[in-house]
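Asker: Single-letter residue listing:
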Amino acid sequence: MADAAFWQEILNILLLSLRVSGTAVLIGTLIGVPIGTILGLAQFKGKQPFIFFFNISIRSTVNTFMGLPPVVVGLVVYLLLSASGPLGPLGLLYTPTAMIITQLIMAVPIIIGVTMSAVGSVEKAIREKALSLGATDRQAAWMVLREARMGVLTAIIVAFGAAISEVGGVMITGGNIRWVTRTLTTAIVVETNLGDFELAITLGIILLSMAFVINLILTILQLRGTKR
Amino acid sequence: MPVIQAQNLSKEYFGKRILEDINFRVQTGEIFVLVGPNGAGKTTLLRILDLLEEPTGGRLVFDGTSVTRSAKDKAALRRRISIVFQQTVLFNMSVYDNVAYGLKVRGGNGADTEKRVSETLERVQLRGFEKKNALALSGGEAQRVALAQALITEPELLLLDEPTANLDPRNVSIVEEALSRVNRERKTTMIMATHNMFQAENLAHRVAVFNEGKIETIGTFRGVFGKPSRFLQDFARLENVFSGVSTVSSEGTSVIDVGDGLLIEATFMKAGDVTFYVPPEDIILSTSPLVSSARNVFEGRIVQILDFGSVVKLRVKAGKNFVVQITKKSFSEMQLNIDSRVFLAFKASSVQTD
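Chains as they are written, first to last, in my numbering: chain E, 29 to 256; chain F, 994 to 1347.
These are calculated hints, taken from the structure and not from any lab test. Keep in mind that this is a model prediction, so the values were computed, not measured. Mixed in with the good hints, there may be bad ones.
Derived EDC-like pairs: lysine to aspartate or glutamate, alpha-carbon spacing no greater than 16 angstroms straight-line [said to hold, decoys possible]: (1) F/Lys1313 / F/Glu1244; (2) F/Lys1067 / E/Glu156; (3) F/Lys1340 / F/Glu1274; (4) F/Lys1009 / F/Asp1056; (5) F/Lys1313 / F/Glu1205; (6) F/Lys1067 / E/Asp224; (7) F/Lys1180 / F/Glu1170; (8) F/Lys1124 / F/Asp1090; (9) F/Lys1322 / F/Asp1332; (10) F/Lys1065 / E/Glu37; (11) F/Lys1321 / F/Glu1149; (12) F/Lys1067 / F/Glu1178; (13) F/Lys1310 / F/Glu1326; (14) F/Lys1097 / E/Asp165; (15) E/Lys152 / F/Asp1332.
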């Protein structure tokens, strides 16, 4: 039978995971939604080879970064923050801040990419409609973003889902220090290695439940968004 | 002074000519209808007229001044023009907010906006729809909301790109009636693309026939098409078309049972399943039963009145729904109204089949 300390540690792990991923996604939203909106609005139409090339490059770059392997991001952030790295003097390695930076780097491309395609899919029709009704360029852009709101929300939720379930990045940059930088995913890895299946399974169930809730919210939003 | 004038307008996309040497002047209060096959350039012309696209060559003169390329000038000019697209685009918000949008972006205030939204919804027969989400409407209702969005700002020029192409006859009638009334009451200039020859005939002051990016001819409907053939007229409408089972009578005519207790006599001799139509202008309408040579006489009630200016179309329920076309003058002299009891009479020879 688990004692109070057991549950206290679980609570600590859960809260840290939520804090790290929540902060990363919040900052990622503030950076990614404006960029995604601008890229979605600027469709870079034109037959000039340069514009065409520019358009293709931006889109494939964003798409590539959307699938960044967390371990690679973790490695890069580690090299930057390690004592001999350029940002070493800041002393951020093995702190929750280092983990937030890692997840932020993963979250931003996801938010940019999904926002960009959501905005791009309604851009032409909604923008022209708003302009034809007398809107200024700014009012029309605002309306496009408003019509793409379900897509933007999807972007944020998808990014959060990716961040909370990511393990390689936070393992490398956080160091999986008990009570300090141990998250749901890194705890599962270490407890499994130690053979402490009770804690690992409990954390696994919590993580799975969170994934379920996230998908539940997404599905409800999508159903509401397509209701005719 | 012409409100809008196109001078040698042309448009190219990727080296392909879409419009070539387009010239016309449209006067204030005129309904100018563009007819022609798909891909003839009608939509492109309307998009250029709404300043959503730049012409490759030529000039557009609006109200005496040439349209410049300045974005600011175009935005100001665009506020005097409205467009209804063929594909309905509405915002994911209430009908009220959709219709009020044009006023909102112009800085309209609350009380005035509210009044104008309800007046405009009245015009398209959607009163009481204010709170519904615009995306939850049927296709016809949605297109009527789009029309209300375009009308609320009282544009000087209204552009219509096949506004009724995807609508059923009832919604078509509502849209046509609203357009016709707005044109009469506000002297709104309209440029409309349509495939519907009947619509062109009823609404147009002048028509321009488009083909392969060029205007082939401009003139009044009668001037361009002469007296339209039966085929042309009836091709465009879906009115008074009935189906039933026909039996050839001993007198050599056909009696067709169309259901609802209605037997219609026709001069053609055909047995079995037939589909036929009765031209609305061949039906005589009277307030008492007539003694006449007409073989088909039915009693019914008026269920809908559609005003087209000089002519009025009535929908009469007499077992089935019939559409009857009469002049405005007869309409007022007979003092007809919704639910008036009327008699319909038409000859057996007016019943047409292919």
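Asker: Are the hints correct? Go through all of them and say.
Answerer: Status of each hint after checking the structure:
In summary, the hint linking F/Lys1313 to F/Glu1244 is not supported, as the alpha carbons are separated by about 26 angstroms, beyond the 16 angstroms threshold. With a C-alpha separation of about 13 angstroms, the suggested pair F/Lys1067 and E/Glu156 falls inside the 16 angstroms cut-off, and the hint holds. A C-alpha spacing of about 12 angstroms is found between F/Lys1340 and F/Glu1274, which places the hinted pair at or below 16 angstroms, so the restraint holds. Distance restraint check for F/Lys1009 and F/Asp1056: the Cα-Cα separation of roughly 30 angstroms exceeds the 16 angstroms cut-off, and the hinted pair is therefore not satisfied.
At roughly 42 angstroms between alpha-carbon atoms, F/Lys1313 and F/Glu1205 are farther apart than 16 angstroms, so this suggested pair is violated. Straight-line distance between C-alpha atoms of F/Lys1067 and E/Asp224 comes to about 71 angstroms, which puts the hinted pair past the 16 angstroms bound. Note on F/Lys1180 and F/Glu1170: the hinted pairing holds, with a Cα-Cα distance of about 15 angstroms set against a maximum of 16 angstroms. Only pairs whose Cα atoms come within 16 angstroms are accepted, and F/Lys1124 paired with F/Asp1090 is accepted, the gap being roughly 9 angstroms.
Proximity of F/Lys1322 to F/Asp1332 is assessed by CA-CA distance (about 19 angstroms); at most 16 angstroms being required, the pair is judged violated. With a C-alpha separation of about 62 angstroms, the suggested pair F/Lys1065 and E/Glu37 falls outside the 16 angstroms cut-off, and the hint is violated. Straight-line distance between C-alpha atoms of F/Lys1321 and F/Glu1149 comes to about 27 angstroms, which puts the hinted pair past the 16 angstroms bound. For the suggested pair F/Lys1067 and F/Glu1178, the alpha carbons sit about 27 angstroms apart, so the restraint of at most 16 angstroms is broken.
Taken as a hint, the F/Lys1310 and F/Glu1326 pair is broken in the structure, with Cα atoms around 21 angstroms apart against an allowance of 16 angstroms. Taken as a hint, the F/Lys1097 and E/Asp165 pair is honoured in the structure, with Cα atoms around 14 angstroms apart against an allowance of 16 angstroms. Simply put, E/Lys152 and F/Asp1332 have alpha-carbon atoms about 47 angstroms apart, too far for the 16 angstroms limit, and the pair is violated.
Hints 1, 4, 5, 6, 9, 10, 11, 12, 13, 15 from the list above are not met by this structure, while the remaining hints are.
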